[in-house]
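J.: The chain contents come next:
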Amino acid sequence: METFNLLWRSVKWRFQNPVIIIMTLTQPLLWLLLFSTIFSGNQTNGNYTAFILPGILLMCVLSSSGMSGIANYSLKTGGSYYRIYISPVKKSSIVLSHILDAAVLSFIQIAILMGISFMMSVRIASGVSGVFLMALLLFLTVAFVAAISYAISHALPDENSFIALVNTFTLPLFFVSSALIPYEQIPRGFRIPVLINPFTHVINSLRRFVSGGLVDWGQFLFTVGLLLILCICSFVLAIHSLKRDSQ
Amino acid sequence: MEAISINNLSKVYKSGKKALDGLSLTVKESEIFSLLGPNGAGKSTLINILTTYLQPTAGKVSIMGKDVCTEQKSICCLIACVAQKESIDNHLSLKENMLFQSRLYKLDTATANKRMDALIAAFGLKEYEKHRIAAYSGGIKRRLDIAMSMMSFPKILFLDEPTVGMDIESRKAMWDIVKKIKDDFGTTIFLTTHYLEEADMLSDTVCIMQDGHQLVQDTPENLRQHTHQNTIRIDLDSSENQRDFGNWISDLQFVRGIRQEQNTVYANIQNAAQDFHILNQLMMDKQIRYSSIGIVTPSLDDVFLSLTQSKGRSV
Numbered sequence: 001m002e003t004f005n006l007l008w009r010s011v012k013w014r015f016q017n018p019v020i021i022i023m024t025l026t027q028p029l030l031w032l033l034l035f036s037t038i039f040s041g042n043q044t045n046g047n048y049t050a051f052i053l054p055g056i057l058l059m060c061v062l063s064s065s066g067m068s069g070i071a072n073y074s075l076k077t078g079g080s081y082y083r084i085y086i087s088p089v090k091k092s093s094i095v096l097s098h099i100l101d102a103a104v105l106s107f108i109q110i111a112i113l114m115g116i117s118f119m120m121s122v123r124i125a126s127g128v129s130g131v132f133l134m135a136l137l138l139f140l141t142v143a144f145v146a147a148i149s150y151a152i153s154h155a156l157p158d159e160n161s162f163i164a165l166v167n168t169f170t171l172p173l174f175f176v177s178s179a180l181i182p183y184e185q186i187p188r189g190f191r192i193p194v195l196i197n198p199f200t201h202v203i204n205s206l207r208r209f210v211s212g213g214l215v216d217w218g219q220f221l222f223t224v225g226l227l228l229i230l231c232i233c234s235f236v237l238a239i240h241s242l243k244r245d246s247q
Numbered sequence: 001m002e003a004i005s006i007n008n009l010s011k012v013y014k015s016g017k018k019a020l021d022g023l024s025l026t027v028k029e030s031e032i033f034s035l036l037g038p039n040g041a042g043k044s045t046l047i048n049i050l051t052t053y054l055q056p057t058a059g060k061v062s063i064m065g066k067d068v069c070t071e072q073k074s075i076c077c078l079i080a081c082v083a084q085k086e087s088i089d090n091h092l093s094l095k096e097n098m099l100f101q102s103r104l105y106k107l108d109t110a111t112a113n114k115r116m117d118a119l120i121a122a123f124g125l126k127e128y129e130k131h132r133i134a135a136y137s138g139g140i141k142r143r144l145d146i147a148m149s150m151m152s153f154p155k156i157l158f159l160d161e162p163t164v165g166m167d168i169e170s171r172k173a174m175w176d177i178v179k180k181i182k183d184d185f186g187t188t189i190f191l192t193t194h195y196l197e198e199a200d201m202l203s204d205t206v207c208i209m210q211d212g213h214q215l216v217q218d219t220p221e222n223l224r225q226h227t228h229q230n231t232i233r234i235d236l237d238s239s240e241n242q243r244d245f246g247n248w249i250s251d252l253q254f255v256r257g258i259r260q261e262q263n264t265v266y267a268n269i270q271n272a273a274q275d276f277h278i279l280n281q282l283m284m285d286k287q288i289r290y291s292s293i294g295i296v297t298p299s300l301d302d303v304f305l306s307l308t309q310s311k312g313r314s315v
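From first to last, the protein sequence lines stand for chains A and B.
Numbering-wise, the UniProt record's numbering puts 154 at position 154 of the first sequence, and it's gapless, one number per residue.
Numbering-wise, the UniProt record's numbering puts 251 at position 251 of the second sequence, and it's gapless, one number per residue.
Next comes chain A alone, as it looks inside the complex:
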């Protein structure tokens, strides 16, 4: 209940400030529209937009959830952060509401990107159930990234250093993955960092749902398990950073 109270407050703000939704959507949308056209003479089989969509969805999550922690700086400038902190609300509820707020933003953008992809002839080969499983993977990714972003915002002193750090990692994480090129076509020397990157597994799993037809349950369960472990670790880290911030 207390989590939804905090979420209600954030969502209310978000819908009164739609410019944030548009701003964080711009980059993934441009990638989807431009790159899918530019690289359509591809090395992949079939629709390149369908191929690139999982990577674009991940980029959307990285940019919106990755930046979600920045809200803490404006919260701390006012007194509402302190008011919530000293209330009987559990610290875990504060972090959870932050994650859910990031999920609301990300899923609005994901829905827009999916809608545009649909208009560009992309069909989810695994059907409705595949869409739900994709949503589960994306939600877990949002939870992991948003919790990390929350922890970073408590560790760094101001917005400038926060933005610099998040930007330093976001694009490399995107490029050192299978977002743009199939794993098999990545040069051998780069395969190890690509394989270590957890987002590679998310993209591969999403790609199976978009274009693979048959679901690779082994890959899916491995990815879900990996994300669950990362979510738990980042959630604990976020709570720790929140408590530590007051010391």
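Covered by chain B, per the in silico footprint, the following chain A stretches (three or more residues, Cβ under 8 angstroms): (1) 3–14; (2) 71–79; (3) 83–94.
FYI, nobody ran anything at the bench for these hints, they're computed from the structure.
All C-beta atoms, glycine included, are put in the ideal place defined by N, C-alpha and C.
Position chain B relative to chain A; hints supplied.
T.: Relative to the frame of chain A, chain B by itself:
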């Protein structure tokens, strides 16, 4: 029962800065307690510890008999704090802000609505209900901030410099609200302020602190006795150079501190009966032009300066 009990409290930040140094004080239930001190005295650190935001380094602190280190959860339900920074959300309406606060404290809807209506009426906020929060004046926003904090009917309300930056009319309105909270709701109020007049007018007990520890704690009346008969008031002629006079009188051996208000100088001295005549003679010898001189009952300003300056000189 003591609302707050602090015994030998210390707080050292990771940077090594010692913000509180063996502070001890008590706050009685249902009183207005004012904490005074110069900037950097440790007032904000103390409020942060009392509201469970910060952990103390050493010492024992209890709120309504509960330990701040081990019973934080219980204490959170008993207190509320209006910080210096405005904490209301501009994107919510007046009622939404109050209901959000009620849900933080897990009030049921019926109780929340009942309290909200009572507080809106008590704090004179009815006419602002329909307006956008962003359009409120600073005074009204602060009033709403306090009304929100009262939604949980706290046993102790912390007010961190509630009237800072307000004009005199808004300050007077705020003083009425503070008195109303004490009288109508029986809430203990812990107040920090820079305005000595405010502390004098509102408080049952005043505590003056400096360098992280308490200098004195007493009623405003008793505090004035601290420097009773030890303040001399001098009304200078307008032609007299006040700055030169201020420098000259400050350098005298027996003067512990001074306060200047236009042409009037208040000098805290060690022994009024003896030093009054010496000062009078010295001023005549120096041919200083003044219209009157006399021993006065000190204000809380004089007590504050006397205590903080004598401490400063001894360091």
